[in-house]
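Q: The primary structure of each chain is shown beneath.
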Amino acid sequence: GSLLFQQVPMVEMDSMKMVQTRGILSYIAAKHNLYRKDLKERALIDMYVGGTDDLMVFFMKLPFLPAEDKEKELAHIIQKATGRYFLADEKVSTGHGQHFLVGNCLSWADVHLLEAILMVEEKKLDVLSAFPRLQAFKANISSIPTIKKFLEPGSQRKPVPGDKYVETVRRVLRMY
Amino acid sequence: MSGKPKLIYFNGRGRMEPIRWLLAAAGVEFEEFFLDTREQYLKLIKDGSLMFQQLPLVEIDGMKMVQTRAILSYIAGKYNLYGKDLKERALIDMYVEGITDLRNMIILFPFSPPEAKEKNLALILERATHRYFPVFEKALKQHGQDFLVGNKLSWADVQLIEAILAVEEKFPAVLSGFPQLQAFKTRISNMPAIKKFLQPGSPRKPPPDDHYIATVLEVLIE
Chain A
1 GSLLFQQVPM VEMDSMKMVQ TRGILSYIAA KHNLYRKDLK ERALIDMYVG
51 GTDDLMVFFM KLPFLPAEDK EKELAHIIQK ATGRYFLADE KVSTGHGQHF
101 LVGNCLSWAD VHLLEAILMV EEKKLDVLSA FPRLQAFKAN ISSIPTIKKF
151 LEPGSQRKPV PGDKYVETVR RVLRMY
Chain B
1 MSGKPKLIYF NGRGRMEPIR WLLAAAGVEF EEFFLDTREQ YLKLIKDGSL
51 MFQQLPLVEI DGMKMVQTRA ILSYIAGKYN LYGKDLKERA LIDMYVEGIT
101 DLRNMIILFP FSPPEAKEKN LALILERATH RYFPVFEKAL KQHGQDFLVG
151 NKLSWADVQL IEAILAVEEK FPAVLSGFPQ LQAFKTRISN MPAIKKFLQP
201 GSPRKPPPDD HYIATVLEVL IE
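Residue numbers (UniProt numbering), protein chains in the order written: chain A, 1 to 176; chain B, 1 to 222.
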C-alpha cells in the first residue's frame, strides 16, 4: 500500500509516503523556503512552475514515442519552448531586472526553469540564442553553490534517458 | 471595477469548472466573460493577458492568473481551504493531484476521436473505481470524519465531489460499491454554499455538448 494511486514517483519523507510529483515538490519547496509565505508571490511561483512543467512533460514523454514520431515531436516541443515558455520567462526577467523570477531570492520557480532550460539545450544547444536575459539567468542560477555541485559529475543528477532507461520503465509499468 | 474575481473562459466546464466550484464553496461571488471567437482569444494574447497564451484566465486581486492549479491553489490558500499546516497541505495536494488526473480524462473525453471514445470511457470507469475512489473510500473509513483532511472542508473535498458528480453523469451507479463516498456526497452536497451551487441558475455549467466542443476548437485551433 505504499503507492497511493499505484503510481511512481514516491518519496518517503517526514514519515509520509508522498506521491504526485507536484505535491512532493510543493512540500519540499515550502519546507525549505523555496516557496514564499506571501500568497501572491506563491501564486506567481505556481504560474511559472505550471508553465515550465507543461514544457518538461513533453520532454518526459519524448523517449517513449515511436521512432518515426520523435523528430517531428521534438521540433514541435522546441517551437513551444521558444515561442511560448521561454518567451514568457524572458519577458519576466526583463521586467524587474532581478536575478530571480520571483522576489529577490531563489525559489522553486528558478530551479524548475533552470532544469527545463538545460533539458531543451540538450536537444538544441543554441535554443537560448534569442534570450539574453535567460542566458544571464542560467549563468546566475548555475553558479549557486548547491546547484553548481548538483551539475557536477558524481552528483545524484541523472543523465539523459537512454534506451536502457526506456526499456526498464516500459517493462516495470507494462507500457507495451 | 467590482473587486469580484473575473473568470475568462468558454461558456462551459472545461478547465475552469473546478475554479467555479472552489469559489462557490468559499462563498465568493464572481463575474464571467465568455469567449466565443478566435479574435477575442488572439486579442487576449496580444494584450499580454495570457502568460503562456493559454486559458483559463482569472483576474483576481489585481493579478491576471493563468495555470489552473496555480489559480486553485491561490483561492484555497486565501479562503482557508488548504489545511492548517504543511503536512495537511501535502495530503490535500496528493488527493487533489490524483483527482485532477481523473478529471483531465473527463475533460479530454469529448475531444477524443470517435473510434477512441468507447475505450476512453471504459478507462474513466476503470480508473475511477479501481484507482481513485478506493483511496478516498478508505481514507474516510479510516478516520471516520466528515471531510478528507483535518476534519474541516478543504480544496480536496470540493475537488472530490465535483469528480464524483462528473463520473456519475456517465455512470449513474458508479458509487454502488462505495458507501463512505455515498455518505460523503450527500453531506457535502447539503452544505449551504455547495447546495446553492448545485441548484439551477448557479454559475455551474452543464456537461459539454456539440456546441461547446465546436466553440473550443474554433477559438483555439488555427
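The reader is advised that the hints may include incorrect statements.
Each computed SDA-like pair below joins lysine to any residue, with the alpha-carbon atoms no more than 25 Å apart [what the hints assert, rightly or not]:
1. B/K87 / A/D38
2. A/K123 / A/M56
3. B/K64 / A/M56
4. A/K40 / B/D47
5. B/K84 / A/F64
6. A/K61 / B/L121
7. B/K152 / A/M16
8. A/K70 / B/F111
Per the computed footprint, the stretches of chain A lying under chain B, defined by three or more beta-carbons under 8 Å from a beta-carbon of chain B, are [claimed, not checked]:
9. 27–38
10. 69–76
11. 81–89
12. 132–143
I should point out that these hints are in silico values taken from the structure, not numbers from a laboratory. All residues carry an ideal CB built from backbone N, CA and C; glycine is no exception.
Q: Quickly compare the C-alpha distance for B/K84 and A/F64 to 25 Å and report which way the hint goes.
A: Distance of about 40 Å is beyond 25 Å: violated.
Q: Given the hint that A/K61 pairs with B/L121, test it: the Cα-Cα distance must not exceed 25 Å.
A: holds, 23 Å
Q: With a C-beta cutoff of 8 Å, work out whether three or more residues of the region 27–38 of chain A approach chain B closely enough for the coverage to hold.
A: holds (count 3)
Q: When you check the alpha-carbon spacing of A/K70 and B/F111, does it fall within 25 Å?
A: holds, 23 Å
Q: Quickly compare the C-alpha distance for B/K152 and A/M16 to 25 Å and report which way the hint goes.
A: The hint holds at about 21 Å.
Q: With the threshold set at 25 Å, check whether the alpha-carbon distance from B/K64 to A/M56 stays at or below it.
A: holds, 23 Å
Q: Are 3 or more residues of the region 81–89 of chain A near chain B, judged by a Cβ distance of less than 8 Å?
A: holds (count 3)
Q: Given the hinted pair A/K40 and B/D47, is their alpha-carbon gap at most 25 Å?
A: holds, 22 Å
Q: Please count how many residues of the region 69–76 of chain A have a CB within 8 Å of a CB from chain B and say whether that reaches 3.
A: violated (count 0)
Q: Are there three or more residues in the region 132–143 of chain A whose C-beta lies closer than 8 Å to some C-beta of chain B?
A: Check failed, 0 qualifying residues.
Q: Does A/M56 lie within 25 Å of A/K123 when you go C-alpha to C-alpha?
A: Roughly 13 Å separates the two Cα atoms, so the pair holds.
Q: If you draw a straight line from the CA of B/K87 to the CA of A/D38, is it 25 Å or shorter?
A: Between B/K87 and A/D38 the Cα gap is close to 18 Å, so the pair holds against 25 Å.
Of the numbered hints listed earlier, those contradicted by the structure are 5, 10, 12.
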